[in-house]
Amino acid sequence: MSTITAEARLSSRAAARAHSAVRRRRYLSNAGTLVLSAALVVWTLAPIYNMVLISLEPEGDVFTDHIWPRVASVESFWGVLTQGHWYLEHFWHQFANSLYIGVMVTFFALLFGSLTSFAIGRMRLRHGWLVSNAALLTYVIPASFLAIPFYRIMQNYGLANNPWSVIAALVAFATPYAIFVFQEYGRSIPIEVDESARIDGASPVQVYLRIYLPLMAPALVAVGTYALLLAWNEYLYQFLLLSSKSSMTVPVALAQFLSSDQSPWNYMMATAIIYALPPIAIYYAFRRRMTAGLTMGGVKG
Amino acid sequence: MMNGASVDRATAVAVGRPALRWGAVVRSLRGGLKGGEYTWAVAFVVPYIAVFLAFVAYPVVYGLWMGSEAGLYRELFADPIYQSTVVNTVLYLALGVNVKMFLALLLSGFFMRPGWWMKALLLIFVLPWAVPQISTFISIHWMLNGEWGFLNNVLYTLFRVEGPHWLNDRWMALGAVIVSHIWKWTPFWTLILLAGRMAIPLEIRDTARVDGATGLRGFVHITFPLLANLYLICTLLSTIFLLGDFNTVTFVSGGGPANTTHVLATLGIRNAFEIAHPRLGVAAVMSALPLVIPLVIVLMRKLRTAEVQL
Numbered sequence: 184m185s186t187i188t189a190e191a192r193l194s195s196r197a198a199a200r201a202h203s204a205v206r207r208r209r210y211l212s213n214a215g216t217l218v219l220s221a222a223l224v225v226w227t228l229a230p231i232y233n234m235v236l237i238s239l240e241p242e243g244d245v246f247t248d249h250i251w252p253r254v255a256s257v258e259s260f261w262g263v264l265t266q267g268h269w270y271l272e273h274f275w276h277q278f279a280n281s282l283y284i285g286v287m288v289t290f291f292a293l294l295f296g297s298l299t300s301f302a303i304g305r306m307r308l309r310h311g312w313l314v315s316n317a318a319l320l321t322y323v324i325p326a327s328f329l330a331i332p333f334y335r336i337m338q339n340y341g342l343a344n345n346p347w348s349v350i351a352a353l354v355a356f357a358t359p360y361a362i363f364v365f366q367e368y369g370r371s372i373p374i375e376v377d378e379s380a381r382i383d384g385a386s387p388v389q390v391y392l393r394i395y396l397p398l399m400a401p402a403l404v405a406v407g408t409y410a411l412l413l414a415w416n417e418y419l420y421q422f423l424l425l426s427s428k429s430s431m432t433v434p435v436a437l438a439q440f441l442s443s444d445q446s447p448w449n450y451m452m453a454t455a456i457i458y459a460l461p462p463i464a465i466y467y468a469f470r471r472r473m474t475a476g477l478t479m480g481g482v483k484g
Numbered sequence: 198m199m200n201g202a203s204v205d206r207a208t209a210v211a212v213g214r215p216a217l218r219w220g221a222v223v224r225s226l227r228g229g230l231k232g233g234e235y236t237w238a239v240a241f242v243v244p245y246i247a248v249f250l251a252f253v254a255y256p257v258v259y260g261l262w263m264g265s266e267a268g269l270y271r272e273l274f275a276d277p278i279y280q281s282t283v284v285n286t287v288l289y290l291a292l293g294v295n296v297k298m299f300l301a302l303l304l305s306g307f308f309m310r311p312g313w314w315m316k317a318l319l320l321i322f323v324l325p326w327a328v329p330q331i332s333t334f335i336s337i338h339w340m341l342n343g344e345w346g347f348l349n350n351v352l353y354t355l356f357r358v359e360g361p362h363w364l365n366d367r368w369m370a371l372g373a374v375i376v377s378h379i380w381k382w383t384p385f386w387t388l389i390l391l392a393g394r395m396a397i398p399l400e401i402r403d404t405a406r407v408d409g410a411t412g413l414r415g416f417v418h419i420t421f422p423l424l425a426n427l428y429l430i431c432t433l434l435s436t437i438f439l440l441g442d443f444n445t446v447t448f449v450s451g452g453g454p455a456n457t458t459h460v461l462a463t464l465g466i467r468n469a470f471e472i473a474h475p476r477l478g479v480a481a482v483m484s485a486l487p488l489v490i491p492l493v494i495v496l497m498r499k500l501r502t503a504e505v506q507l
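Residue numbers (the working numbering), protein chains in the order written: chain X, 184 to 484; chain P, 198 to 507.
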């Protein structure tokens, strides 16, 4: 009798000890999570906070040593939106140029990419693998390595300062990713769907428009977002090919800001924030689709 | 159309049925497609083939031609700026890729934890990837300003320490470039590795846990072997992307001080447009080919067999 109670007491004490060890470990783990989370937030937000901080400074106040805005002023944002500073005279024009290039690149990358993957993956075109290999090769060549010959070629064609030269380059670099994703995604759609439509007398164009494109909608959204952001964020080709006042885009104008001696830093940061807002909005709106689509591809740097 | 030998064989094998023979040849070319469908399929791929030939293949050939003189490389290798650029590129690749990928691997495990707090943190954490490069790199450039930069202001306000002029020293400037790259791209690769971890079936994890493989042992014996292929592909892809990275160096350090922090991608553009010697610029970029070609071959093999999840 007494041995049993002793044993029971012993085991209950062991259980309590084990319980408190578990609790201690959970507490430590929670504290670790909290510390790591705080560090990650500070690390992530520091450059973005800096951007917001400077954009909120009144013009003469940029060269100070405080780390929070003493007087928050939205003067610089207002200046950008109304093109109020001589540096920002053409802001909306540049914004429109960026948007135009982005929309065109998205449209053509989706069109060419879906047509190609339809012909190769669904119609099973002979030697289609050659085309997908060419696409794959393009995907793994750094775009910046081709910038110099591309610039020369565009000069020879007389396409310098023409947005279509940049659109051509970006379509060439965005379409391979589109083909890659479409082909992989297309495998999840049974080929019998196409076949039965064709037996019913649908032409290839009808199958493409009425069956393939609607079923591919999630992949189209993922790739479209990718292409739009690629074009909006791209700098090197736009810098080389679009230097005139009428063809310049926002990133090129921002870089010009940086290289001038008397940069109005608050206006520059306000411009950088306004330029960043559309991609951030698109990213968070299509987040699920994008994280789904990027598993293997990715945004090319 | 047909050469002599095949005509002979056709007549020898199938006398009197040349039309059928010709049909067989055409069929083999077209695959299973019937006449009209074959035309459509070709018409569907022609736009992309045209884009590829005009804007990828032609520039590649043009570039190879521009950089084909041996004398260019003698000039290039003798250039002290080029020599330091090679060192920078190697350091940038070695540290930028590996530190970033390793952090991404660890953080992807961290973000596997349950709870709304983790989801909210992930939303903040991916912000560097969502904000355009130019905006953030310009901000980092100004943050590192020796006199009025945010970083030195923080150091002074909190610790009364006068920070250095970060971008006036070659190694600190190069370090700033590498850290900026890690800041910008770790979230992206974390998301990819997180997706890879999510794809591991729950049964495997549960079985492993029952067998005593938890914590570090679970990671070494279960998680990492299953992630290894994805991790390798990501590392290779990230190496290629980083090799072609122009923006980070251009905006964070600007290649300065005194052209000591260039990498091959920025040196190519600088040679071509700042000192107006395009062929030397192409040569600088081409000197990366011994690294690029094996990478491209391995990546093409890996990617062709890779599965994409959507």
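Derived by calculation from the structure, the hints in this document are not laboratory data.
Source: prediction; values computed, not measured.
Heads up, the beta-carbon is just placed ideally off N, CA and C, and yes, glycines get one too.
One or more of the hints may lead you astray.
[Said to hold, decoys possible] Where chain P lies over chain X, by a calculated footprint (3+ residues, C-beta under 8 Å):
| hint | region |
| --- | --- |
| 1 | 203-209 |
| 2 | 233-241 |
| 3 | 287-299 |
A quick look at each hint next to the structure:
Against chain P, the region 203-209 of chain X contributes 0 residues with a C-beta closer than 8 Å to a partner C-beta. That does not satisfy the three-residue criterion, and the hint is violated. Coverage of the region 233-241 of chain X by chain P holds in this model, with 4 residues showing a Cβ closer than 8 Å to a Cβ of that chain against a need of three. With 5 residues carrying a beta carbon less than 8 Å from a beta carbon of chain P, the region 287-299 of chain X meets the three-residue requirement, and the given coverage holds.
The structure fails to meet hint 1 from the earlier list, while all remaining hints are met.
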